[in-house]
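All chains should be built: construct the whole structure from the sequences, respecting the hints.
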Amino acid sequence: MNLTLLAEKLNLSVVCGGDGLDREVSGGYMGDLLSDVMANSREGDVWITCQSHQNIVAVSVLKEHVGIILVLGKKPDDDTIEKASREGIPLLVTELSGFETVGRIYNLLHP
Amino acid sequence: MSQGYKFSFPVKGDNFDDAGKASVEIKRFLKGLGITGDVLRRTAIAIYESEVNIISYARQGNINICVTDASILINIRDNGPGITDIEQAMKQGYSTADDHIREMGFGAGMGLFNIKNCSDDFEILSEVNRGTLLKISINR
Chain A
8 MNLTLLAEKL NLSVVCGGDG LDREVSGGYM GDLLSDVMAN SREGDVWITC
58 QSHQNIVAVS VLKEHVGIIL VLGKKPDDDT IEKASREGIP LLVTELSGFE
108 TVGRIYNLLH P
Chain B
5 MSQGYKFSFP VKGDNFDDAG KASVEIKRFL KGLGITGDVL RRTAIAIYES
55 EVNIISYARQ GNINICVTDA SILINIRDNG PGITDIEQAM KQGYSTADDH
105 IREMGFGAGM GLFNIKNCSD DFEILSEVNR GTLLKISINR
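The listed protein sequences correspond, in order, to chains A and B.
So for the first sequence, our numbering puts the first residue at 8; every next one is plus one.
So for the second sequence, our numbering puts the first residue at 5; every next one is plus one.
Be careful, since some hints might not be right.
What the hints assert, rightly or not - Interface residues of chain A toward chain B, partial, derived using beta-carbon atoms under 10 Å:
1) G38
2) D39
3) S42
4) A46
5) R49
6) E50
7) Q58
8) H60
9) Q61
10) N62
11) I63
12) V64
13) A65
14) V68
15) K70
16) D86
These aren't lab readings, by the way, just hints derived from the structure by calculation.
C-beta: ideal position from N, C-alpha, C; glycine also.
Right, here's the structure in full:
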């Protein structure tokens, strides 16, 4: 499943990085501690977090995530949007909680 | 350091806006040198955590890398406050980071632990009030 379809199913809003939405989502990781995400997320994951500051972009680039989903209606900072656009990392937002977001994505990826 | 492809990146302390910038550039360089897979993954994690440590605790530091056929050697020097108790600092969850650092999702006390986990050889040399040197070796 690619990010476009995932965004559609969960009604996610795309903030930036729309060019990367056709990437295949191989899995996901949820976390707000950057070291945890660095250590345990994988290439091809979609990263679910409530961190909205610009440092999330470098983590995502380094880990080669397909995109970042900000939960609980968090708005990414302007710097975050700028960096994500430059690096081609799709940023998506949802009003859903982390628990609900992860649960729904899990069910979609493992029907 | 032995013969090999060498390069160096300076990192400025307390500059969280650019956290990860050096790591991203270094990873691209290493990819260009044909390093891939688990070796690249472990190297990127070790360098990122080291970079964040410099930014969190030192005024400035340097990431020196030497790539040989056998391994990737990374030396990270900073002029920070040094580590009083290295054994304690290595424990997962132990951190001296302040609230400002923690609010951003750093300072979880996982950095040095992650570096060690990603290294085949890892050594910390530190002198209080002088600085810290991390010596990381990752086999190719």
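Checked hints:
no.	hint	result
1	G38	holds (8 Å)
2	D39	holds (5 Å)
3	S42	holds (4 Å)
4	A46	holds (5 Å)
5	R49	holds (9 Å)
6	E50	holds (8 Å)
7	Q58	holds (5 Å)
8	H60	holds (6 Å)
9	Q61	holds (7 Å)
10	N62	holds (5 Å)
11	I63	holds (8 Å)
12	V64	holds (8 Å)
13	A65	holds (2 Å)
14	V68	holds (5 Å)
15	K70	holds (8 Å)
16	D86	holds (7 Å)
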